[in-house]
Structures are given as structure tokens and as C-alpha cells.
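Chains as they are written, first to last, in the numbering used here: chain V, 153 to 526; chain S, 5 to 155.
Derived by calculation from the structure, the hints in this document are not laboratory data. In this text, all values refer to a predicted model and were calculated from it rather than measured experimentally. Hints may be right or wrong, so weigh each one.
What the hints assert, rightly or not - Now the in silico label distances, taken between C-beta atoms and shown as ranges:
hint, chain 1, residue 1, chain 2, residue 2, range
1, V, Ile342, S, Asn136, 46 to 54 Å
2, V, Lys503, S, Arg130, 30 to 38 Å
3, V, Ile342, S, Leu134, 26 to 34 Å
4, S, Thr67, V, Phe444, 31 to 39 Å
5, S, Lys27, V, Phe289, 44 to 52 Å
6, S, Asp149, V, Phe444, 24 to 32 Å
7, S, Gln9, V, Val354, 24 to 32 Å
8, V, His357, S, Thr67, 23 to 31 Å
To be verified - Here are the simulated BS3-like pairs of lysine-lysine, each with C-alpha atoms no more than 25 Å apart in a straight line:
hint, chain 1, residue 1, chain 2, residue 2
9, S, Lys27, V, Lys245
10, S, Lys144, S, Lys122
11, S, Lys87, S, Lys122
12, V, Lys368, S, Lys122
13, S, Lys144, V, Lys392
14, V, Lys480, V, Lys210
15, V, Lys480, S, Lys27
16, S, Lys122, V, Lys480
17, V, Lys392, S, Lys53
18, V, Lys453, S, Lys27
19, S, Lys87, V, Lys210
20, S, Lys122, V, Lys392
21, V, Lys210, S, Lys144
The beta-carbon is built from N, C-alpha and C at its ideal position, and this holds for glycine as well.
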Amino acid sequence: MEEKEITNLTDEHQEYVINMGPQHPSTHGVLRLKVSLKGEIVKSIEPHIGYIHSGIEKMCESITYPQIIHLTDRMDYISAHINNEAVCLNVEKALEIDIPDRIKVIRTIMSELTRIQSHQLWWACFGMDLGGLTCFFYGLRDREKILDIFEETCGGRMIVSYNCPGGLMYDIHPNFQKRVKDFIKYFRKILPEYDQLLTGNVIFHERSKGIGTLTKEDAISFGVTGPTGRASGFSCDVRKHEPYSAYDRVQFKEILFDEGDTFHRYLARIDEMWESMKIIEQLIDNIPEGPFAVKMKPIIKLPEGEYYQRVETARGELGVFVISDGNKNPYRVKFRSPNFSNLSVLNHIAKGFKIADLVAIGGSLDLIIPDIDR
Amino acid sequence: MDKIQLESFLKTIASGVEIKEGKQYLEVTVPSSSLHQLAKSLKEKEESKFDFLFCLTGVDYGTELGVIYHLRSTSYDHTVVLKTRTADRENPILDSVCDIWETAEFHEREVFDLLGIKFKNHPDLRRLFLDNSWGFPLRKDYVDDINIVTK
Numbered sequence: 153m154e155e156k157e158i159t160n161l162t163d164e165h166q167e168y169v170i171n172m173g174p175q176h177p178s179t180h181g182v183l184r185l186k187v188s189l190k191g192e193i194v195k196s197i198e199p200h201i202g203y204i205h206s207g208i209e210k211m212c213e214s215i216t217y218p219q220i221i222h223l224t225d226r227m228d229y230i231s232a233h234i235n236n237e238a239v240c241l242n243v244e245k246a247l248e249i250d251i252p253d254r255i256k257v258i259r260t261i262m263s264e265l266t267r268i269q270s271h272q273l274w275w276a277c278f279g280m281d282l283g284g285l286t287c288f289f290y291g292l293r294d295r296e297k298i299l300d301i302f303e304e305t306c307g308g309r310m311i312v313s314y315n316c317p318g319g320l321m322y323d324i325h326p327n328f329q330k331r332v333k334d335f336i337k338y339f340r341k342i343l344p345e346y347d348q349l350l351t352g353n354v355i356f357h358e359r360s361k362g363i364g365t366l367t368k369e370d371a372i373s374f375g376v377t378g379p380t381g382r383a384s385g386f387s388c389d390v391r392k393h394e395p396y397s398a399y400d401r402v403q404f405k406e407i408l409f410d411e412g413d414t415f416h417r418y419l420a421r422i423d424e425m426w427e428s429m430k431i432i433e434q435l436i437d438n439i440p441e442g443p444f445a446v447k448m449k450p451i452i453k454l455p456e457g458e459y460y461q462r463v464e465t466a467r468g469e470l471g472v473f474v475i476s477d478g479n480k481n482p483y484r485v486k487f488r489s490p491n492f493s494n495l496s497v498l499n500h501i502a503k504g505f506k507i508a509d510l511v512a513i514g515g516s517l518d519l520i521i522p523d524i525d526r
Numbered sequence: 005m006d007k008i009q010l011e012s013f014l015k016t017i018a019s020g021v022e023i024k025e026g027k028q029y030l031e032v033t034v035p036s037s038s039l040h041q042l043a044k045s046l047k048e049k050e051e052s053k054f055d056f057l058f059c060l061t062g063v064d065y066g067t068e069l070g071v072i073y074h075l076r077s078t079s080y081d082h083t084v085v086l087k088t089r090t091a092d093r094e095n096p097i098l099d100s101v102c103d104i105w106e107t108a109e110f111h112e113r114e115v116f117d118l119l120g121i122k123f124k125n126h127p128d129l130r131r132l133f134l135d136n137s138w139g140f141p142l143r144k145d146y147v148d149d150i151n152i153v154t155k
């Protein structure tokens, strides 16, 4: 805080500045928001980021492609599998390798499981941010079941590193199909409970309807993707627009709303969980036989050129842009992270609302800070 | 529009640009002086409507610094890549595209922070991740004796 603002703290007609974070519980990471207030009304928000900037893009320039995969886990650690997939797809596209169906299907199932557990965690934390502690227990209880499935097959629970260029690290566990089917059966029964607990709650409606409205034009201009963008009517689902892995052979709906407020961002994620379950159900009984990995050269060198691969993570469009000069290390890697663009819209949509609404709006953007800082 | 239509369209609205068919997208190299004008007309022209800037990358090419813009149209689903370069490594200045796409504000701050490229007409050009005591880490000539071990 600057000195002159401290002296004016008692004057309600003056703007004063408070720091929200870097250790605030609702920012879920080390994000510091410098909030200018007039009374209780937010006048402007200035995000200060970089507390956990780890220089991943610089590190990528000195390591090989299979090593990069393990760094991407640490960006958006809640949808680690999808980040891995983006790098693998990029390498496979550059080398023009045909990937067997078995790998594609397993990757898609894993991606959708990742999406469900990410939305479960988000639902748990969002409910808690708004004062419903029960949500936290419900969400984490169910998320644990997916993490157990991951643990059995991948060895890791959150940071899975299950993909490698050319396929998967190892085959799925013999129990995998049965456990996934059990989970879907269980979760189809449980998900309506989420609605009973929070979706229909009057206090929740009061705190989320009409709060932090984002128009479609602004969503496109700010580059807001994922459920946040789709709640504003911006059709940006990469799984539909540029299908990768096995998304071209499954039926699912792109969740779109026109309202663009906090409540519809919430609904978009709840509905996405239903759609993800649909996708898994279509694939889980039809995993084709075949190898779980294609044999690759021991040292992977991409041909000279530029490659861009985009995937749909739980938070939006992740882009991996690789400039290769033909060596085993990339010349330049850029990660277009969904959270980075989603954060930039926060000042625009939270202006004019109360500071308590800022917590609701921030929660509905579902920010993961290491993905912003990279 | 597909790549061929896009190419002929670009030739009608811009002169002095170099159009190359890339591995995925159409790549257009623009002199830094005409970048802003071309970007503006690509967004506003009814035929192209590139309203979504989905990636903005700063690159150090060794002798030159450059910025790559990935643009997509949400109405037509076509994509184009704009590239521009500046030879001035001491004081590289490019035009900002913040007034065209709002998302550029954060992305250009990131490029300024990590590569030291300044953007003219940017509303709030400050460092984003690092503080002023750092150099520009994504430059190829960046020296860090402690953290980067060269074999």
C-alpha cells in the first residue's frame, strides 16, 4: 500500500487500495490482486503475477521433446494429462506418425476423466469460496475415485505423465475398464446431488446471477476460452472445431449459454461433466486391441519449421507452439495458456461489483496460477 | 476461406508482404511499419473478420527480434499467421495491437518482460513476471551463471 492511501482510509469518498493475495484462500495459489475500492465497490483490479514464474519456456529450449512433457504437467497441474497430450500430438504431427486407435481412445478417456476431476475440484472450491463447506467434502470425495484410477494405471495421481511421443508410457491396468465403468455408474447418481446442494440454492443464485457478466464480443477480444468463454456464447470447443485423438468418433454436445454471468459459467461446467461421462461411456467398452506405443527413434528431432497444436483443457484452449531448427532441442516453445487470457478479463468483468462478488467471479474463472506464470 | 482464397485476398489488401504456405497455416511476413494497418484491416474487413488473436509469441532469431501473431476468425474458422521483425536489438520498438484485440495487452507485456521488445501505444507497458533487475531471459544471448549450466 502506498502511504497517501493509508491516510485516506477513513474517507469513504476516496479510493483506497487493498491487496488480495498472494496468500488469499480464494485465489487458490499465489495470485495477488491489487484492488482499488470506493467503499465496497471495486473500481479496478490489477493482477500482479509471477510469484511462481519458473521459466518453463526457457527451460524447454535446452531439453529434449520427451522431457518437455514432464514440464507441462507442472503448468496446469489439475489437467496435467491434457497438457501432456498437447505436446505429444504436436511432436507426432511434426513427424507425421500414424497413431493406432487404441492409443487415441485411451488418451480420450483419460482426458475426459481429467476434465471431470478438474471440474469436481473446481466445484468443491467454488462452493467453499461462497460459504458452502459441504461442497468441498463432496467434491473431493468423488475426485478421489478418479485419482485412484489414475494411480493404478499411471502411477501418479495428479501429475500423471502418462503420454509420451508415439503413444503411452505403459498399457492400461487390467482393472481400468471395470473401475471407470463403476465410477461412471456411481457419478451419474451423485451428480444430481451437486445440483441439490448448490445449483438450486437461493443464496447461491443471489450471489451468482447477473454477477460479472461477460459479453460474447469481449470474450473473443480478450481471448477467453473454455467453459468461461462458452458460457458467454463463444463457440470455442477445440474438440468440436479441430478434433484430435478420438473426439471425431464420439457424440457430444458443446455447452453454450448466452448469458455469460457467474451462474452460467457454473452451469457450463456442471453440464460439461455430463457430456464427459457420455464420451467415456461411448469409448470404454470399445477400446481397440493393439500396441500402446509406436516405436520411436531414441532421439527425436523435429524437421525445421513451426508447429502449432491446440487442445481443449478443462479451462480452455491450450496451444503449444514449437519453432524447430532441426535439432533435438526446440528453438523456441510457447505455451498459449488458457488461464493467462482468462485472467486478463477479470478487471473488465469485476469492475463495479462488490468485493465479495470478486471472490465469486474469480472462482468462476477457475484460475490455476502455475499455468499463468509458467 | 481456404488457404488459396485467403492468399489472393491478402494480396488485394496488403502490398509489400511476403506470403508463404506454412506447414499448417498461411504465414504472412509483414514489415514492422505496416503491421498495425494490416492487422486492423484483417479484423475489420467483412471477408476476413479475424477477431480472435489466440497466440502472440516473441522470438529471438539471433540477429533480429520478432513477434508472431496467430489470428483466427470465429465466424469463418480460418487462420492466418502474421510475422514481423525488427533488427534493432538495443531498442526494439513495434506497434502495439492492443486497440484491435484486448488480449494483446497481457501478451505484449509478457513479450516485453521476457524479450525486451517495446510496444508503441501500449496503455500499460510494465514487466509482468520479473522485476527490473532481470535481463530479458528468452533472448539467446542471456547470461545466467547460476541457473543455466552449459555443458
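Hints, verified against the model:
For V:Ile342 and S:Asn136, the Cβ-Cβ distance of about 51 Å falls inside the hinted range of 46 to 54 Å, so the restraint holds. Remark: the range hint 30 to 38 Å for V:Lys503 to S:Arg130 is contradicted by a beta-carbon distance near 20 Å. In this structure the supplied range 26 to 34 Å is violated for V:Ile342 paired with S:Leu134, their Cβ-Cβ distance being about 44 Å. A beta carbon spacing of about 45 Å between S:Thr67 and V:Phe444 contradicts the range 31 to 39 Å that was offered as a hint.
The hinted window of 44 to 52 Å between S:Lys27 and V:Phe289 holds, with their beta carbons roughly 49 Å apart. One distance hint, 24 to 32 Å for the beta-carbon pair S:Asp149 and V:Phe444, is violated here, with the actual separation near 43 Å. Taken as a hint, the range 24 to 32 Å is violated for the pair S:Gln9 and V:Val354, whose Cβ atoms sit roughly 54 Å apart. A beta carbon spacing of about 59 Å between V:His357 and S:Thr67 contradicts the range 23 to 31 Å that was offered as a hint.
Distance restraint check for S:Lys27 and V:Lys245: the Cα-Cα separation of roughly 10 Å lies within the 25 Å cut-off, and the hinted pair is therefore satisfied. For the hint pairing S:Lys144 with S:Lys122, the CA-to-CA distance comes to about 17 Å; that is within 25 Å, so the pair holds. This hinted pair checks out: S:Lys87 and S:Lys122 have alpha carbons roughly 16 Å apart, not beyond 25 Å. Our distance criterion of 25 Å between C-alpha atoms is broken by V:Lys368 and S:Lys122, whose separation comes to about 30 Å.
For the hint linking S:Lys144 to V:Lys392, the alpha-carbon distance of about 38 Å lies beyond 25 Å, and the restraint is violated. With a CA separation close to 15 Å, the supplied pair V:Lys480 and V:Lys210 stays within the 25 Å bound. A hinted pair counts as satisfied when its Cα atoms are at most 25 Å apart, and V:Lys480 with S:Lys27 qualifies at roughly 19 Å. For a cut-off of 25 Å, the pair hint linking S:Lys122 to V:Lys480 is broken: about 31 Å separates their Cα positions.
This hinted pair checks out: V:Lys392 and S:Lys53 have alpha carbons roughly 21 Å apart, not beyond 25 Å. At roughly 16 Å between alpha-carbon atoms, V:Lys453 and S:Lys27 fall within 25 Å of each other, so this suggested pair holds. With a C-alpha separation of about 21 Å, the suggested pairing of S:Lys87 with V:Lys210 holds against the 25 Å cut-off. A hinted pair counts as satisfied when its Cα atoms are at most 25 Å apart, and S:Lys122 with V:Lys392 does not qualify at roughly 37 Å.
Using a Cα cut-off of 25 Å, the hinted pair V:Lys210 and S:Lys144 holds, with the two alpha carbons roughly 10 Å apart.
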